[in-house]
Every structure is written in C-alpha cells, then in structure tokens.
Amino acid sequence: LAKTTQPISMDSYEGQEVNITCSHNNIATNDYITWYQQFPSQGPRFIIQGYKTKVTNEVASLFIPADRKSSTLSLPRVSLSDTAVYYCLVGGRGVNTGFQKLVFGTGTRLLVSP
Amino acid sequence: EAGVTQFPSHSVIEKGQTVTLRCDPISGHDNLYWYRRVMGKEIKFLLHFVKESKQDESGMPNNRFLAERTGGTYSTLKVQPAELEDSGVYFCASSHPSVDTQYFGPGTRLTVL
Chain A
22 LAKTTQPISM DSYEGQEVNI TCSHNNIATN DYITWYQQFP SQGPRFIIQG
72 YKTKVTNEVA SLFIPADRKS STLSLPRVSL SDTAVYYCLV GGRGVNTGFQ
122 KLVFGTGTRL LVSP
Chain B
2 EAGVTQFPSH SVIEKGQTVT LRCDPISGHD NLYWYRRVMG KEIKFLLHFV
52 KESKQDESGM PNNRFLAERT GGTYSTLKVQ PAELEDSGVY FCASSHPSVD
102 TQYFGPGTRL TVL
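Protein chains in written order, with the working numbering: chain A, 22 to 135; chain B, 2 to 114.
Please keep in mind that the hints were generated in silico from the structure rather than gathered at the bench.
It is possible that some hints are incorrect.
[To be verified] With a Cα cut of at most 20 Å, we get these calculated PhoX-like pairs of lysine-lysine:
#: 1; chain 1: B; residue 1: K79; chain 2: B; residue 2: K55
#: 2; chain 1: A; residue 1: K24; chain 2: B; residue 2: K42
#: 3; chain 1: A; residue 1: K73; chain 2: A; residue 2: K90
#: 4; chain 1: A; residue 1: K24; chain 2: B; residue 2: K79
#: 5; chain 1: B; residue 1: K45; chain 2: B; residue 2: K55
#: 6; chain 1: A; residue 1: K90; chain 2: A; residue 2: K24
[Claimed, not checked] The following label-pair restraints were derived from C-beta to C-beta distances:
#: 7; chain 1: A; residue 1: S95; chain 2: B; residue 2: K42; range: 26 to 34 Å
#: 8; chain 1: A; residue 1: E35; chain 2: B; residue 2: H11; range: 26 to 34 Å
#: 9; chain 1: B; residue 1: S99; chain 2: A; residue 2: F84; range: 22 to 30 Å
#: 10; chain 1: A; residue 1: K73; chain 2: B; residue 2: N64; range: 36 to 44 Å
#: 11; chain 1: B; residue 1: R23; chain 2: A; residue 2: K24; range: 42 to 50 Å
#: 12; chain 1: A; residue 1: N46; chain 2: B; residue 2: S59; range: 22 to 30 Å
#: 13; chain 1: A; residue 1: F84; chain 2: B; residue 2: E15; range: 44 to 52 Å
#: 14; chain 1: A; residue 1: E38; chain 2: B; residue 2: R23; range: 38 to 46 Å
#: 15; chain 1: A; residue 1: S134; chain 2: B; residue 2: T74; range: 40 to 48 Å
#: 16; chain 1: B; residue 1: P62; chain 2: A; residue 2: K24; range: 46 to 54 Å
#: 17; chain 1: A; residue 1: K73; chain 2: B; residue 2: Q81; range: 32 to 40 Å
#: 18; chain 1: A; residue 1: M31; chain 2: B; residue 2: R23; range: 46 to 54 Å
Idealized CB from N, CA, C, for every residue including glycine.
Just chain A, same shape as in the assembly (with noise of 0.2 Å):
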C-alpha cells in the first residue's frame, strides 16, 4: 500500500477554513484516497473518500489533482470540536472483500483555538 506523508500538526481559528495535505507520490491505479478523524479515546472516523477530482459532503471537500500524487482535505469554518487527529490513507478495494487493510500514517494533529 501507498505511503503517505501530511503534517504532523496544525493549528487553525474558529470560524475558518482549514486545509490538509496529503502527499502520496507511489500511488498506483486502483487505490482511492480515504481520510479519517480520531478523537482521543476514540476509533478512527470515516470522513470522506475520493478516487479524482473533488468529492463533497456535509463534513468536508477532498481535492485531488490529475496526477492523484497528493490530495488536500479541506474543513470549511472549523469550530473547536474538529480538534482531532486525521489520518490520509490510499489503498485500492478488494473486490468482494471489501476495502484491504487500512494502512495508517502518523495523521495531522488539528489544534482549533477559539
């Protein structure tokens, strides 16, 4: 599985928009970009997924370029419970088996202050 590289922390403000890169250069064909959260004292949280382009739903936006070596997760007017860990992780789909084993990074550690 791919391996990817994002920040180790981030700090942002109530109220505005946060990106997150992730770089993932050895990608190959069949693997999608999935990002996840993770409170403390918590399991992993889906939050979106993305095979190109952009992708949106009512917790973020996932921006992916043509040549899929990176993707940026965006959280529009972040408040203070998005202060969490989130996690980038690329791997393609096993047909019939569901996604393969999840292969997680170090994740961006998102600190929002009021």
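Given the structure of chain A, go ahead and fit chain B onto it with the hints provided.
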C-alpha cells in the same frame, strides 16, 4: 443502527496472564478487522475476517495472539500469555461487503503490568 462495540473498554492484567477482547461488528457487515496502537506508534493492522474466514492475518505479531470469529458474527482476540509490549489500544472495525468504508469501535485499552 448500533455501531461497532468492543468489550471491555479497559483491561489491566499482569504479564503472563490471558486476556480476551471482544468485538461486535455492525449487523450485516461480513468484513471484520482488528488493529492496534501500541504506545507511541501508529495504528497497525492485525487481521481481517470475511465472515468466519481469516482473509488476511499478516499483521498478527506472533502466535500468542489468536483471533476467532465463530459463526461469522462477533470476534474475539485472545492474547496468551500477555507480555508488556502488548500494552496498547486494540481497535475493531467492520465493513459491508459491497461498501469499503470501515467503521471503527471505540477500542479496548490493554495494560500489561
């Protein structure tokens, strides 16, 4: 709909003892995964069940760890005998066979003294 549940939430045992962790996946999710994070390290994959069959157990650290999923419903992860380096948080996740999103439980924090 109930999420993935894990029991116990926290377990403290002494080195050499046995501990069994339990995971109840979301109903209808054939795929069940075990992960763990040991102190200061990243979350690591342990194994993957499809129903009652082990699809991938490449992440199991050694033969002191035994995972089972009899009947294809809940799963147990037994550590016998436990060692100090087994301390960490053990996560379980499940996914529907046709949707690749994995849903994680809250984890079991294992402390081996």
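Going down the list of hints, with the structure as the test:
no.: 1; hint: B/K79 / B/K55; verdict: holds (15 Å)
no.: 2; hint: A/K24 / B/K42; verdict: holds (16 Å)
no.: 3; hint: A/K73 / A/K90; verdict: holds (10 Å)
no.: 4; hint: A/K24 / B/K79; verdict: violated (30 Å)
no.: 5; hint: B/K45 / B/K55; verdict: holds (17 Å)
no.: 6; hint: A/K90 / A/K24; verdict: holds (11 Å)
no.: 7; hint: A/S95 / B/K42: 26 to 34 Å; verdict: holds (29 Å)
no.: 8; hint: A/E35 / B/H11: 26 to 34 Å; verdict: holds (33 Å)
no.: 9; hint: B/S99 / A/F84: 22 to 30 Å; verdict: holds (27 Å)
no.: 10; hint: A/K73 / B/N64: 36 to 44 Å; verdict: holds (42 Å)
no.: 11; hint: B/R23 / A/K24: 42 to 50 Å; verdict: violated (32 Å)
no.: 12; hint: A/N46 / B/S59: 22 to 30 Å; verdict: holds (24 Å)
no.: 13; hint: A/F84 / B/E15: 44 to 52 Å; verdict: holds (50 Å)
no.: 14; hint: A/E38 / B/R23: 38 to 46 Å; verdict: holds (41 Å)
no.: 15; hint: A/S134 / B/T74: 40 to 48 Å; verdict: holds (44 Å)
no.: 16; hint: B/P62 / A/K24: 46 to 54 Å; verdict: violated (21 Å)
no.: 17; hint: A/K73 / B/Q81: 32 to 40 Å; verdict: violated (46 Å)
no.: 18; hint: A/M31 / B/R23: 46 to 54 Å; verdict: violated (36 Å)
Against the hints set out earlier in the document, violations occur for numbers 4, 11, 16, 17, 18.
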